[in-house]
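K.L.:
Given only the sequences and the hints, what does the whole structure look like? Please build it.
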Amino acid sequence: MNRRAFLKATGAALGAVALSGLPVRAQGLEGEDLANLEKALKEALGKGFKDLTPSNLVKLTMPAIAESGANVPAEVEVNLPSAQVKAIHLFADKNPTPRLVSFMPMKAMPYYATRVRLAETTAIRAVVETADGKLLLASASTRVTVGGCG
Amino acid sequence: MAIRVIVRLTPAKPKAGEEFKLQAVAQHPNEPGTRRDAEGKLIPAKYINLVEVYFEGEKVAEARPGPSTSANPLYGFKLKAEKPGTFTVKLKDTDGDTGEGTAKLELA
Chain C
586 MNRRAFLKAT GAALGAVALS GLPVRAQGLE GEDLANLEKA LKEALGKGFK DLTPSNLVKL
646 TMPAIAESGA NVPAEVEVNL PSAQVKAIHL FADKNPTPRL VSFMPMKAMP YYATRVRLAE
706 TTAIRAVVET ADGKLLLASA STRVTVGGCG
Chain B
1465 MAIRVIVRLT PAKPKAGEEF KLQAVAQHPN EPGTRRDAEG KLIPAKYINL VEVYFEGEKV
1525 AEARPGPSTS ANPLYGFKLK AEKPGTFTVK LKDTDGDTGE GTAKLELA
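Here the protein sequences line up with chains C and B, keeping their order. Be aware that the first sequence starts at 586, since it is given in my numbering, and climbs by one per residue. Be aware that the second sequence starts at 1465, since it is given in my numbering, and climbs by one per residue.
What the hints contain is simulated information worked out from the structure, not anything from laboratory work. You may find that some hints are simply not true.
[Claimed, not checked] Taking beta-carbon pairs under 10 Å as the criterion, some of the chain C residues facing chain B (in silico):
#1 Glu662
#2 Pro683
#3 Arg702
[Said to hold, decoys possible] Dumping the calculated DSS-like pairs for lysine-lysine here, alpha-carbon to alpha-carbon at most 27 Å:
#4 B/Lys1568 x B/Lys1523
#5 C/Lys671 x B/Lys1556
#6 B/Lys1523 x C/Lys719
#7 C/Lys644 x B/Lys1479
#8 B/Lys1568 x B/Lys1547
#9 C/Lys679 x C/Lys719
#10 B/Lys1544 x C/Lys671
#11 C/Lys671 x B/Lys1542
#12 C/Lys692 x C/Lys644
#13 C/Lys644 x B/Lys1485
#14 B/Lys1544 x C/Lys644
#15 C/Lys671 x B/Lys1523
#16 B/Lys1523 x C/Lys692
#17 B/Lys1479 x C/Lys692
#18 C/Lys719 x B/Lys1544
#19 C/Lys692 x B/Lys1547
#20 B/Lys1542 x C/Lys719
#21 C/Lys671 x B/Lys1485
#22 B/Lys1556 x C/Lys627
#23 C/Lys671 x C/Lys692
#24 C/Lys632 x C/Lys644
No experiment lies behind these values; they were computed from the predicted model shown. Ideal Cβ placement from N, Cα and C applies to all residues, glycine included.
P.N.:
Have a look at this one:
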């Protein structure tokens, strides 16, 4: 096998591994703590984790790795008209206070950006309350080197 | 003590109907109440828990951040440019301190 054929073959194999690996990673996020999250969800929304529907209309952007947990950029955007979005909530599973923020778009677009503190490596959840009472969910995970809450 | 707030629009002069970002940066320690000082005493919580955006006196957006917001926080919003006017961002923290900043929207 010459070099070109070898690179092509390994490239294709790696691509296949990466693609097949994605759905598995989406289920078990790094730094999940559903018990802690459940409490915060009950407090903020009166609903549990099982009432949330994962949706690709919600786009949550978090860095994969944050050197300092004291200042982590978070961005969430919902692909729905603003009139249909009642509120956007952000949660971090492992934080002492998991609820990061609640945002009511009113006349603004359903988009919110902020900087948050993360205590440790954690899963982040964006929960969108729609006007018809549905709860949409997007998850991400950030690896934190130094925590920002202690 | 008043909280210092700087408000910025990007792009600075959007066209009518165009989306633009409104970003507000506040000067605030945003203590979550879980950190300790050099002597090991807990620093009491003091964080911004209400952010309101007004356009010409009308409320257009509201955010209620929790304690886990970074120091000197940034708040970013996206809006549609319709008519020129003034945006006011009002902040309030857990001690009742307030601050506000304004930015003028001019259409290109």
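K.L.:
Would you list, in rising numerical order, the hints stated earlier that this structure does not obey?
P.N.:
Checked against the structure, no hint fails, so every one of them is satisfied.
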